[in-house]
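Protein chains in written order, with the UniProt record's numbering: chain W, 1 to 189; chain Z, 1 to 76; chain X, 1 to 86.
If you are wondering where the hints come from, they were derived from the structure by calculation, not from laboratory data.
Just so we're clear, the structure is a prediction, and the values are computed from it rather than from any experiment.
Some hints here could point you the wrong way.
[Stated by the list, open to error] Mimicking BS3-like on lysine-lysine, the simulated pairs with C-alpha atoms at most 27 Å apart in a straight line are:
id, chain 1, residue 1, chain 2, residue 2
1, X, 54, W, 52
2, Z, 57, X, 47
3, W, 80, Z, 57
4, W, 6, X, 47
5, W, 137, Z, 6
6, X, 54, W, 121
7, X, 54, Z, 57
8, X, 50, X, 40
9, W, 80, X, 2
10, W, 52, X, 2
11, Z, 24, W, 137
12, W, 180, X, 2
[What the hints assert, rightly or not] Far from chain X by the CB rule (all over 12 Å, computed), these chain Z residues:
id, residue
13, 5
14, 15
15, 23
16, 32
17, 51
18, 53
19, 55
20, 68
All C-beta atoms in this analysis are idealised placements derived from N, C-alpha and C, irrespective of residue type, glycine included.
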Amino acid sequence: MWIYEKKLQYPVRVSTCNPTLAKYLIEQYGGADGELSAALRYLNQRYSIPDKVIGLLTDIGTEEFAHLEMIATMIYKLTKDATPEMMKAAGLGDHYSNHDNALFYHNAAGVPWTASYIQAKGDPIADLYEDIAAEEKARATYQWIINLSDDPDLNDGLRFLREREIVHSQRFREAVEILKDEQGKKKFF
Amino acid sequence: MFTHYKSYCPVVSPFDPCKPIPEKVYSTPPNLYIGFQPPNLPQFTPLEALKAGTLWKPFYDPYFNPFEKAKGGLPR
Amino acid sequence: MKQIPAEYYEMLEQLQAVDFVLVELQLYLDTHPDDLEAIKQFNHYAKERKSLKKAFESQFGPLQQFGNSYSGHPWNWNDPPWPWQV
Ligand SMILES: [Fe+2]
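So here's chain W without its partners, still in its complex pose (with noise of 0.2 Å):
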C-alpha cells in the first residue's frame, strides 16, 4: 500500500501569478512524458520483472508520484486567482470552459491523458530501455519549458525536476547492468 505524506519533496516557490506558464507545464501532468506517465509505467512494470530491480521500479515510481504533486502545486499556484479573462487571454479559455481553474489529466495542447502513452513489453530489457528514454525525454522536456518559462522561482523547481530525471535515468541503466550480469561477476571496475 501507499501511505501519504503531508510535504512536498521540495519547496516550490512561483513568483507570479501566469496561467500561460501553467499552461505549458500540464504537459508533464498529464503528458506522453510526463509525471503520470513515469509513475504508472514504472509501477506497473513491476509485476513482469526480476525480483532484483522491483524495489528500484517502486521506489522510482513512488517518488514519481511525489514529482506529480510538485507539477499540480506548480499550476494550482500559477492560476490560483486567475480570472476567466486571465485564462482566456493565456489560451485557456477552452479549458476553462469544461474544468473552470481545476486541474486535468491532459498535456499543454488539451489531448487527454492515456494509456497508450505508457509501455509494458513483459521484456526486461525491452521495458527498462523505455524507461531509460522516458527519463531522457521528461528531462528534455524540463528544458523546453524552462526556455519558454521567466519565472525564475518556478525555473528553480523545475531544475529540481530535471536533475531527478538524471539520477532515475541513471539507476535505470544500472539496473540493465544488473540483469545482464554474470552470475558472480564483480560490478565495479
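Put chains Z and X with the ligand on the given structure of chain W with help from the hints.
For chains Z and X with the ligand alone, kept in the frame of chain W given last:
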C-alpha cells in the same frame, strides 16, 4: 574543456525564411558518462543536495535557459 | 486569511533536506545493496528524520496518517495547510 553540452551547426540555406540559428546546443548529462556508479562519490550537504536535486556532486548538471544568467548554482 | 508561521517553512525545509538524502540513498542502495558505508549513512539519516518528524508534528500536526502519526483531539489530519497551499 569537458562540458555536459554539445553543439552542431545545421546547414543554412539562403532560402531559409527564419533568421538562422548558426549553432544548436544539446544536453549530454552526466549519467551518460559515469557508468555503474562507483562507491564514495563526493556528496553535497543535505540542504545543498535538496537544492541541487542530487546527493552526489558528479551528477549535478543544472539547466538554465538562454535568458537566465547562469549565475549562482552550487560548486561542483 | 490564515497565516503560516515562518518556523513552518524552516522546519519543513530541514525535513525535506534529510528526506531527500534518504530518497537518494534509497535509489542508490537499490542498485548497490552491498555498500556498507551508504547503509550506515542511510540509517544515520533515518534516525535524524524521526526526530525532525516528531518536532514538526508537535507544532503543526500529523505528517502521515493511517496510524503512522498520533492524532490530537479533535482529529487534526484534516487541518490545513495542505502541501500545495503553502
Ligand atoms: Fe523520473
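Hints, verified against the model:
no. : hint           : result
1   : 54(X) x 52(W)  : violated, 34 Å
2   : 57(Z) x 47(X)  : holds, 24 Å
3   : 80(W) x 57(Z)  : violated, 36 Å
4   : 6(W) x 47(X)   : holds, 20 Å
5   : 137(W) x 6(Z)  : holds, 17 Å
6   : 54(X) x 121(W) : violated, 44 Å
7   : 54(X) x 57(Z)  : violated, 30 Å
8   : 50(X) x 40(X)  : holds, 16 Å
9   : 80(W) x 2(X)   : holds, 16 Å
10  : 52(W) x 2(X)   : violated, 48 Å
11  : 24(Z) x 137(W) : holds, 18 Å
12  : 180(W) x 2(X)  : violated, 55 Å
13  : 5              : holds, 24 Å
14  : 15             : holds, 50 Å
15  : 23             : holds, 35 Å
16  : 32             : holds, 17 Å
17  : 51             : violated, 9 Å
18  : 53             : violated, 9 Å
19  : 55             : violated, 4 Å
20  : 68             : holds, 23 Å
In summary, the numbered hints that this structure violates are 1, 3, 6, 7, 10, 12, 17, 18, 19.
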